[in-house]
Each structure stands twice: as structure tokens, then as C-alpha cells.
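Q: Could you put together the complete structure from these sequences and hints?
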Amino acid sequence: MGNHSTQAVNSTIEVSLVEVPKKIHFVWLGKLGAIQQDYIRTWQQINPDYQITVWYDPQALLANELGKQIKNFAGQKLIVGKKTYFNKVIQLQNDAHKFISQAMRIEKKTFDQSAKEFMIANLNCSEENLENIRKENKTSYSDFMQQHSGLVQLADINILDDTYTGIDKYYYQELTLRQNLAAASDIVRLKMLSQQGGFYFDADLLPALNTTIFNENIQTKISQLSGREKAQIEFAKTQLILERLSVIDSSHFPAREALTQSYENYVDKFAQKGPEYKNLVDEIRITIDAVHTIDDFFQPLAQQYIESNSLRIAKHRGFRGINNNAIMAEAHSHKLQSVMETLAKNYQRLEQHNLIFIEKEGDQQTRYLNDPYAGIQFPEEANYRMDGLTESTATIEITGPGAILKAIKNNAKQQVSEDGQSQSFPIDQFSFDLFNTYTEEDAKSSWQKQHTASDFSYDQLLLAIQAKRPDLVRKLLAYQSLSRHDGFEWLSTAINNRDEETLRLLLEADVNPNSNNKVKKITRNRPP
1 MGNHSTQAVN STIEVSLVEV PKKIHFVWLG KLGAIQQDYI RTWQQINPDY QITVWYDPQA
61 LLANELGKQI KNFAGQKLIV GKKTYFNKVI QLQNDAHKFI SQAMRIEKKT FDQSAKEFMI
121 ANLNCSEENL ENIRKENKTS YSDFMQQHSG LVQLADINIL DDTYTGIDKY YYQELTLRQN
181 LAAASDIVRL KMLSQQGGFY FDADLLPALN TTIFNENIQT KISQLSGREK AQIEFAKTQL
241 ILERLSVIDS SHFPAREALT QSYENYVDKF AQKGPEYKNL VDEIRITIDA VHTIDDFFQP
301 LAQQYIESNS LRIAKHRGFR GINNNAIMAE AHSHKLQSVM ETLAKNYQRL EQHNLIFIEK
361 EGDQQTRYLN DPYAGIQFPE EANYRMDGLT ESTATIEITG PGAILKAIKN NAKQQVSEDG
421 QSQSFPIDQF SFDLFNTYTE EDAKSSWQKQ HTASDFSYDQ LLLAIQAKRP DLVRKLLAYQ
481 SLSRHDGFEW LSTAINNRDE ETLRLLLEAD VNPNSNNKVK KITRNRPP
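Per full-length UniProt numbering, the very first residue in the sequence shown carries number 1; after that it's consecutive.
Hints are computed from structural coordinates only; laboratory data are not their basis. What you are looking at is a predicted structure, and each value in this text was computed from that prediction instead of being measured. It is possible that some hints are incorrect.
[To be verified] Dumping the calculated DMTMM-like pairs for lysine to aspartate or glutamate here, alpha-carbon to alpha-carbon at most 25 Å: (1) Lys230 - Asp295; (2) Lys269 - Glu257; (3) Lys138 - Glu441; (4) Lys88 - Glu441.
A: What follows is the structure, encoded as C-alpha cells:
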């Protein structure tokens with residue numbers, strides 16, 4: 001690969017640039033869904049000169065199923081209040097980690113073999129069902145590769161070397177303890193890029209849109225929108241393009257049609273803001289409908305260059321302007337190595353403060369605050385075990401963009417400010433945006449808060465109310481329209497606190513059964 005010399009942004013420092021290998025990597029754990037296959041296929045179609053590789057773990061195809069079964073089992077019995085549910089999940093996760101880790105270490109079994117034994121013995125799972133799930137997950141990869149023979153490669157993450165980082169330990173900890181596939185993927189993408197180089201993209205991102213198809217009038221109108229409105233119109237543009245592609249050729253995004261009900265309709269939502277917004281949508285639609293090939297909608301990556309021994313991460317509208325859902329680096333980058341070392345230190349700090357194997361919700365605060373070696377402020381990382389249960393975002397700081405930003409700041413001669421902005425070290429020096437993050441899949445995908453009290457079944461809530469006030473059950477039965485989005489968590493709290501007044505208001509208030517805003521209406525009806 002060639003070396004190039006260019007001036008840095010501040011125009012006073014010469015930096016050496018190297019070619020980024022023409023490789024695009026994806027990491028996926030569990031079943032490779034049909035829509036993910038569509039997104040990966042698009043990257044290959046737009047970048048035929050790049051080597052496309054999907055990394056997976058054929059020995060851990062049941063990791064996601066383990067997490068689902070733990071939460072399902074914890075919610076089977078009558079549980080009143082979130083804490084009881086959280087504590088049951090934490091207990092089962094601890095048991096799973098101990099059982100699976102020992103089986104893998106002592107008996108040399110794979111994760112799937114060990115996890116399957118645990119689920120059968122402790123979670124009342126069927127061996128036949130689990131084996132069918134494992135085979136189905138495995139087949140999702142083999143079928144995809146068969147359809148794209150010679151175009152996409154499949155790679156086993158277990159071939160990656162762990163000699164210099166030792167972070168494999170934490171990869172397996174994420175699978176066995178938290179079943180946090182996002183954190184596990186965070187670890188794998190760094191190891192893989194360090195050894196292979198190239199680009200990593202989340203499988204819910206698409207290639208960057210070709211904005212030249214839009215005339216100056218459209219681009220001017222978009223530039224005059226507020227920041228929030230600009231994001232909304234970008235989502236709408238992507239939606240219109242994907243709809244157009246399915247008309248051009250049914251082989252483009254075939255899995256999307258079955259998922260449209262789960263996506264927000266960004267086009268209608270934006271158009272409903274007013275006549276001028278509708279006119280803009282109509283102009284964009286007319287432009288898009290005049291395009292006839294997928295190549296005209298998306299930009300290829302072409303050959304990219306990067307500072308020697310550096311890395312760049314996704315420029316993003318959210319977390320401090322960056323994200324780790326896209327990364328570019330040369331192989332054996334020193335800065336990438338320092339990021340992995342930062343991840344390892346983050347886990348080591350959790351171990352030092354005894355925050356990994358808590359026994360119940362709240363232990364993390366007690367242990368941290370009673371630790372004489374801990375800091376004064378309670379850090380988000382200390383909520384490590386609550387990710388996926390509450391709105392906790394510890395993973396962002398431990399393995400995600402927060403960890404990468406920390407490593408970059410530690411390596412920089414001049415520190416970046418907390419929001420990622422610094423006159424002497426601008427965020428543009430370590431970020432890039434050669435992709436489209438305004439996708440339907442990216443908008444809906446989240447590993448956070450996968451199962452809380454809001455997910456308790458209707459029957460469980462009826463039983464809980466019956467235990468407190470049997471006379472209220474009859475009226476509650478009339479409210480069949482209650483769903484997981486209509487106040488269950490709020491209702492569960494009311495039950496747990498023996499708040500009979502609130503329950504009576506819930507049942508006796510004049511509430512439209514089709515309303516999605518029951519709690520607000522009931523609150524307005526509450527007597528002073």
C-alpha cells in the first residue's frame with residue numbers, strides 16, 4: 001500500500017497518510033436476519049471492488065436465546081414491582097455465567113453446548129427447540145453465503161488472535177453473564193480491524209446517499225431546516241429511496257416489505273408538519289422516482305486514506321458527535337491497540353470495585369460508595385449489570401464510543417473537551433461519515449431496556465391487582481386495550497405502593513379505550 005503525505009487540518013503539521021485496505025467488515029452474533037442480509041448485499045453491490053466479510057461465532061449461536069429465556073423465566077411467576085424482576089434476572093444471569101464458564105473451561109465445551117445444558121436444566125427449555133433454533137441460526141449464514149458465493153465471505157471470529165490484548169475473556173463474559181451482544185460485538189470489531197484493517201459497519205447502516213441527484217432548490221430548502229427537521233427529512237429520503245428501489249427491482253430489499261409496519265412512516269410524519277413540508281417531500285419524491293438504478297442512489301467508498309497508526313470512527317448526530325457503528329483503520333494501528341487496552345482497563349476497574357457480580361439491583365451503588373478507592377461521583381459504568389434492564393448506558397462507556405473517545409483523549413497531546421469539540425483537536429480529525437445512518441433499521445435497533453416491568457403480561461397485572469384489591473379486577477377486565485406501551489410500568493408501581501386511589505382513578509376515569517395517553521388523562525382527573 002502506498003504512503004501519502006498531506007497537511008493536517010491546522011495547516012502546520014505534516015502527517016503521513018496510508019491506504020485503508022479495501023475491506024468491508026460486518027460482525028453479527030445470533031441469527032443473520034433477512035433485512036441485515038439486504039443491507040449487506042447493498043454494500044457489496046455499491047462497492048464491488050471491496051472484499052466483504054461477515055464475521056460470526058458458530059459456537060455461540062444461542063447467546064441471544066439465552067438472554068431471552070432468562071428474562072422469560074424471570075417473568076413467569078407473579079412479580080410485583082421492577083426490583084423483584086430485576087433481581088431475579090440478575091440471579092439467573094449469575095447462575096448462567098458460573099455454569100457456562102465452568103463447562104467451557106473444565107469440560108472444554110462450546111458456549112452453545114454449555115448454554116443449552118443450562119437452559120434445559122434451569123429454565124425449563126426443550127432440547128429439541130433449542131437445537132432447532134441453533135440450526136436455524138447457523139443456516140441463516142450458510143444460505144446467505146450460498147446466494148452470494150464469491151461476493152461475500154464468512155469468517156469465524158474464533159480465528160482472531162488474542163495474544164496481545166487478552167480481551168477474549170470479556171467477550172465471553174458478555175455472552176455468559178449479560179448476553180449483551182452489542183458489547184460483545186464492540187470487542188470483536190476492534191480485534192478484527194486491528195488484525196485485518198479496512199472498514200467496519202453495523203449491519204443497519206447503508207452506503208452514503210448520492211446527494212447530487214437532488215437539485216439546488218431541494219438542497220437549499222433542506223439546509224434551511226432546523227437540526228431536528230434535517231434529521232427527519234434524511235430519514236424520509238431514505239424511506240423514499242428504499243420504496244423506489246423495491247419498484248425498480250423486487251430483488252432490492254425484499255425483506256423490508258414484511259417489516260414496514262414496525263417502522264415509523266417518516267415521509268407522512270414530515271409531510272403532516274405543514275404545506276411547505278409536504279411540498280418538499282413531494283419534490284424529493286419526484287426526483288427519486290426519476291432515478292432508475294441502485295448505483296445512482298448510493299456513493300461507493302472508493303480508495304480511502306487515513307493517518308498512519310490512527311483510526312477514524314463514525315461522525316454521529318448523537319453521543320458527543322461520534323459513534324462506533326462505523327470504524328476505519330489500517331491493520332495493526334497503534335491507536336486501535338490503545339483503544340483495546342482502554343476497554344480491558346474499563347473491565348478491570350469494574351472487577352476492582354466488585355461491580356460485575358452483584359446479587360441484586362442497588363448493590364452497584366452500595367459497593368461503589370463504600371469502596372474507599374472509588375471516585376467521589378458514581379459513574380455510569382458502575383451500572384454495568386443494569387444495561388438491558390433499565391435505561392442504563394454503561395456499555396457506551398465500557399466498550400462503545402465513550403471508551404474510544406477516552407482512548408483518543410488519552411493519546412492526544414491536547415485534550416478533547418467533554419462534548420468532543422476542541423479548537424486544537426476538532427472532532428473531524430478522528431471521525432468520518434462515508435455511510436448513511438438515517439435508516440429504518442438503525443432507528444429501531446437498540447440493546448437498551450429489552451425487558452422491564454412494562455413488558456409484564458396483562459394476566460400478571462390482573463393477578464397482582466387481584467392480590468391487592470379483588471373488587472377492582474372486574475372493572476380492569478373492561479380495559480382490554482391496555483398494552484405494554486400504555487402505562488403498565490406506571491400501573492405496576494401503583495400496585496406495588498398499594499396506591500388504591502390511583503388504581504381507582506385508572507378504572508373509573510372517563511378514558512377512551514383507544515387512547516395512547518391514558519396516564520395523562522387520568523392524572524388530569526385526579527382530585528386536588
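Q: Against each hint, give a clear statement of whether it holds in the structure.
A: Results for each hint:
1. Lys230 - Asp295: holds (24 Å)
2. Lys269 - Glu257: Holds, at about 19 Å.
3. Lys138 - Glu441: holds (22 Å)
4. Lys88 - Glu441: violated (31 Å)
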